[in-house]
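There are 2 protein chains.
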Amino acid sequence: MNQTKIKHALTVTREADFAAWYQEVISEADMAEESGVRGCMVIKPWGYGIWERIQQVMDARIKAAGVQNCYFPLFIPLSYFAKEAEHVDGFAKEMAVVTHHRLIGDGKGGLVPDPDAKLEEPLIVRPTSETVIGAAMARWVQSWRDLPLLTNQWANVVRWEMRTRMFLRTSEFLWQEGHTAHADKADAMDETLRALEMYRSFSEDVLAMPVVAGEKPENERFPGAAATYSIEAMMQDGKALQAGTSHYLGTGFAEAAGIKYQDREGTQQHCHTTSWGVSTRLIGGVIMTHGDDDGLRVPPQIAPHQVVIVPMLRDNDEDLPVIAYCRELMASLNVQRAFGDPLRAHLDLRAIKSTTKRWQWVKKGAPVIVEIGGRDVAGGNVCWLRRDRLYGEGGKVASNIEARADFVVRVAELVEEIQASLHAEATARRDANITRGVTSLDALAKHFAEGNKYPGWVELGWSRPTGAELEAVVATLKAHKLTIRNTPMDADAPQGQCIFTGKPAVETIYVARSY
Amino acid sequence: MNQTKIKHALTVTREADFAAWYQEVISEADMAEESGVRGCMVIKPWGYGIWERIQQVMDARIKAAGVQNCYFPLFIPLSYFAKEAEHVDGFAKEMAVVTHHRLIGDGKGGLVPDPDAKLEEPLIVRPTSETVIGAAMARWVQSWRDLPLLTNQWANVVRWEMRTRMFLRTSEFLWQEGHTAHADKADAMDETLRALEMYRSFSEDVLAMPVVAGEKPENERFPGAAATYSIEAMMQDGKALQAGTSHYLGTGFAEAAGIKYQDREGTQQHCHTTSWGVSTRLIGGVIMTHGDDDGLRVPPQIAPHQVVIVPMLRDNDEDLPVIAYCRELMASLNVQRAFGDPLRAHLDLRAIKSTTKRWQWVKKGAPVIVEIGGRDVAGGNVCWLRRDRLYGEGGKVASNIEARADFVVRVAELVEEIQASLHAEATARRDANITRGVTSLDALAKHFAEGNKYPGWVELGWSRPTGAELEAVVATLKAHKLTIRNTPMDADAPQGQCIFTGKPAVETIYVARSY
Chain A
1 MNQTKIKHAL TVTREADFAA WYQEVISEAD MAEESGVRGC MVIKPWGYGI WERIQQVMDA
61 RIKAAGVQNC YFPLFIPLSY FAKEAEHVDG FAKEMAVVTH HRLIGDGKGG LVPDPDAKLE
121 EPLIVRPTSE TVIGAAMARW VQSWRDLPLL TNQWANVVRW EMRTRMFLRT SEFLWQEGHT
181 AHADKADAMD ETLRALEMYR SFSEDVLAMP VVAGEKPENE RFPGAAATYS IEAMMQDGKA
241 LQAGTSHYLG TGFAEAAGIK YQDREGTQQH CHTTSWGVST RLIGGVIMTH GDDDGLRVPP
301 QIAPHQVVIV PMLRDNDEDL PVIAYCRELM ASLNVQRAFG DPLRAHLDLR AIKSTTKRWQ
361 WVKKGAPVIV EIGGRDVAGG NVCWLRRDRL YGEGGKVASN IEARADFVVR VAELVEEIQA
421 SLHAEATARR DANITRGVTS LDALAKHFAE GNKYPGWVEL GWSRPTGAEL EAVVATLKAH
481 KLTIRNTPMD ADAPQGQCIF TGKPAVETIY VARSY
Chain B
1 MNQTKIKHAL TVTREADFAA WYQEVISEAD MAEESGVRGC MVIKPWGYGI WERIQQVMDA
61 RIKAAGVQNC YFPLFIPLSY FAKEAEHVDG FAKEMAVVTH HRLIGDGKGG LVPDPDAKLE
121 EPLIVRPTSE TVIGAAMARW VQSWRDLPLL TNQWANVVRW EMRTRMFLRT SEFLWQEGHT
181 AHADKADAMD ETLRALEMYR SFSEDVLAMP VVAGEKPENE RFPGAAATYS IEAMMQDGKA
241 LQAGTSHYLG TGFAEAAGIK YQDREGTQQH CHTTSWGVST RLIGGVIMTH GDDDGLRVPP
301 QIAPHQVVIV PMLRDNDEDL PVIAYCRELM ASLNVQRAFG DPLRAHLDLR AIKSTTKRWQ
361 WVKKGAPVIV EIGGRDVAGG NVCWLRRDRL YGEGGKVASN IEARADFVVR VAELVEEIQA
421 SLHAEATARR DANITRGVTS LDALAKHFAE GNKYPGWVEL GWSRPTGAEL EAVVATLKAH
481 KLTIRNTPMD ADAPQGQCIF TGKPAVETIY VARSY
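Which chain is which? The protein sequence lines are A and B, in order.
Taking the working numbering, the leading residue of the first sequence gets 1, the next gets one more, and so forth.
Taking the working numbering, the leading residue of the second sequence gets 1, the next gets one more, and so forth.
So here's chain A without its partners, still in its complex pose (with noise of 0.2 Å):
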């Protein structure tokens, strides 16, 4: 079998040009565009269905966890902002900053900021909202009693971005982010550690993209926390994505804005809080884990449609009975059910060609096409193949035909397998490109040379740094364009030296390029 007979349905190829072809499977897919407001991004219906399907499965999740939803405002007045120092030293750089609640003509047909509508103090748009939180939280627990105090929201927030890339920087984006607050260290540790494992399982059981929880290096933790855990999933360019974050914040965000509860002995007592949260960046995870050649692929459990059923209509009356059987079998799909929800199928009787549909679903990814003909119906047969292993032996698309009462009644499994087999290709893929048994410096700079097109990931052990031993190893990876990724939650102690201290090692890191 020769694959590069292929044409695939991008003009661009995975290993020709990463970057182009992840814009271009964007584009194709037509998930979203640029806005013409810098910076932001219009999120259209396919990838915004992606997004709804995210927010559904993984709000039920943290409400499942018992954290209740609320609403906070997008504006957070400066003063707040400067109470955490740490906080506003890392947060302060790049944020929209409101200065101005009026326009006035400017004479000359066109509007300008009112002088006399300046704030007195200007508003900072969220870039995340530990600092307003805070505040509620601190008329909200008074007692014990009040403890944990588990909350969480579902908003957009701004972090001005210089150099922006859809979906995973933008100015604007989507995400939840749930704050917490506790009476002691054990239970915020738990909480943090909680939401780590929700956002482990759900990328790993509802993206199908594989991840490693652990606790980031001191530097890479968020501005103000004691510390901070991420999952880093692998792309197929082997560069490491930090896909979601969960912060312990010790007492610090507390004392800032006085979130202090009475124990059971009538002592008052500064909470332990926590903040963790994932966004839109899932989707430009998904895009780089399960996309080809041919754009797309999206895991069924997040497919805004899991089934597409495309008509072949020639404009006759011969259409009629093709589209009444199309009708009937999108009913009898969506009576089905897969993951423990009603099967999504999706007719589409758009006035277009049927083979322009058709390939417009490949790039979208739908995980199941299927196609309708006239000799389909005199056959009461279904003609579909499966989006995740598109082309069969010889490179031609494989189309699979198979009475559509054997279809119906499979349909539900046929999607759950193509789950799990975009979870293990993923999953295979990630542990062939982690390198173990770099022992020194000098081979780790090598391993990421030029030459070695896909490096992926390096674990590694070492002594764990601090302080100015620490900021040495990272000016040295950054020499090499690397970053620590995080230390994973579940590895064995490792033995050997560090290479960056010499000191013997403590525990496993992963150094990677990244995202």
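Note that these hints are calculated values from the structure, not bench results.
Keep in mind it's a predicted model, so treat the numbers as computed, not measured.
There's no promise every hint is true.
Heads up, the list lumps identical chains together, so a pair's fine if it works in one copy or across two of them.
[Unchecked claim] Quick list of in silico lysine-lysine cross-link-like pairs, DSSO-like style, CA-CA up to 30 Å:
id, residue 1, residue 2
1, LYS118, LYS93
2, LYS83, LYS108
3, LYS481, LYS453
4, LYS108, LYS118
5, LYS185, LYS260
6, LYS63, LYS353
7, LYS446, LYS260
8, LYS481, LYS239
9, LYS353, LYS5
10, LYS93, LYS239
11, LYS478, LYS446
12, LYS503, LYS239
13, LYS118, LYS83
14, LYS260, LYS353
15, LYS478, LYS63
16, LYS478, LYS239
Since the structure of chain A is provided, determine the placement of chain B on it from the hints.
For chain B alone, coordinates are given in the frame of chain A:
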């Protein structure tokens, strides 16, 4: 029965001070609070849970109409906003203006907007998204095949408000905004009226809030619209609340944004566009429609919990069987179905006194409250009350004791009956407070004079004046703090003369005080 003997759960009655009562409901039902950020509120779990239910049911109806959800930028460049002249006149006044994208230290330990990070063009925090969505539509629409284009987004918007009131008028609020583009006026008008009818039926069926759907007079049109329709609800103080709007925008926005298509004959045409929205204001309407002197009464369709179970615990060994019984009861309730969805029952196990819990749930307005003590467990019974009919003969709380099995079997019927009862009660009150037969301006003024505490709405025939003649009518009404609400869709042709112009009446209007 002497109603005055009842000691209600709130300190202020509707009759004594409706505005203070409204604030107390929100506070005592723990729905929302002031955030400390000017004009912005924090929506707390009970308030947000109601919004989530509104979103869920409305979103399904929006999708069923073939409308697709997208997400558009929070920020709108000033220049976009200046394109549609009427629109900018109507909206340009009070908006949040982003002028800088960075903060720096002020040398005194504080932070200020960085003068070097001043934006070349200020960004407006969206007050509504016609302009930025219009720019996207101009990219997306090429041919008649692309029409109709039906989009919606769930988003936060900001309109700087000097006087705010929670849920009714806040600087930031949450809403959905539908935006559609069509080939011609007829199709756009169909969509405008479809959305209006969707809002009408949603308000009646889901919120149990009777509304009048109709067209707003010309002076109340959305800035730039060719026609604006609204649903208007009567609050318990007799004032009108505009609870949702749907606009036919003509071709004005399409001309400003360049939304054009090639028709079947190959000619370039401007699209006809629409927009329509409802917001968290609906929650204010629900409070003022269904609340009573004991707090909120949430219509079961949007209640986060439809049945709340309160165990009567005594902190001793007898608590265990009570809790076990309550858990079994909850499980058997949650497999019931009401309104086509699984019933939502909640077991309140918080470590506070059960009488406190009961009154908290009364104030929050949970439709059915169940209290279970040792005696109920022994007898296999359930002790329950319905929140919409809290008091029985003699002003005592009307608790019912019923065999558990019987209660479980008919609980769905019970919550559906409560929904219907709330709707019937509100409809009867609304209908009783519409006055007809006012045949002169003097009579109108007299009807709305100080002495009449509950003037409600007046239904009039008028001559549908326009321009300067309409302005005079508006000014006359304003002198009595009155506004024209709308012209109902289904009204009979009026008889007699217009009390404003003396001309023959041609259509019916409602005149009222309003929020």
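Cross-check of the supplied hints:
| no. | hint | verdict |
| --- | --- | --- |
| 1 | LYS118 <-> LYS93 | both (22 Å within a copy, 13 Å between copies) |
| 2 | LYS83 <-> LYS108 | between (42 Å within a copy, 14 Å between copies) |
| 3 | LYS481 <-> LYS453 | within (14 Å within a copy, 74 Å between copies) |
| 4 | LYS108 <-> LYS118 | both (21 Å within a copy, 22 Å between copies) |
| 5 | LYS185 <-> LYS260 | within (14 Å within a copy, 60 Å between copies) |
| 6 | LYS63 <-> LYS353 | between (44 Å within a copy, 25 Å between copies) |
| 7 | LYS446 <-> LYS260 | neither (52 Å within a copy, 57 Å between copies) |
| 8 | LYS481 <-> LYS239 | within (11 Å within a copy, 65 Å between copies) |
| 9 | LYS353 <-> LYS5 | within (25 Å within a copy, 74 Å between copies) |
| 10 | LYS93 <-> LYS239 | within (26 Å within a copy, 48 Å between copies) |
| 11 | LYS478 <-> LYS446 | within (15 Å within a copy, 80 Å between copies) |
| 12 | LYS503 <-> LYS239 | within (28 Å within a copy, 76 Å between copies) |
| 13 | LYS118 <-> LYS83 | both (23 Å within a copy, 24 Å between copies) |
| 14 | LYS260 <-> LYS353 | between (65 Å within a copy, 23 Å between copies) |
| 15 | LYS478 <-> LYS63 | neither (40 Å within a copy, 48 Å between copies) |
| 16 | LYS478 <-> LYS239 | within (15 Å within a copy, 65 Å between copies) |
Checked against the numbered hints above, the structure breaks hints 7 and 15 and satisfies the rest.
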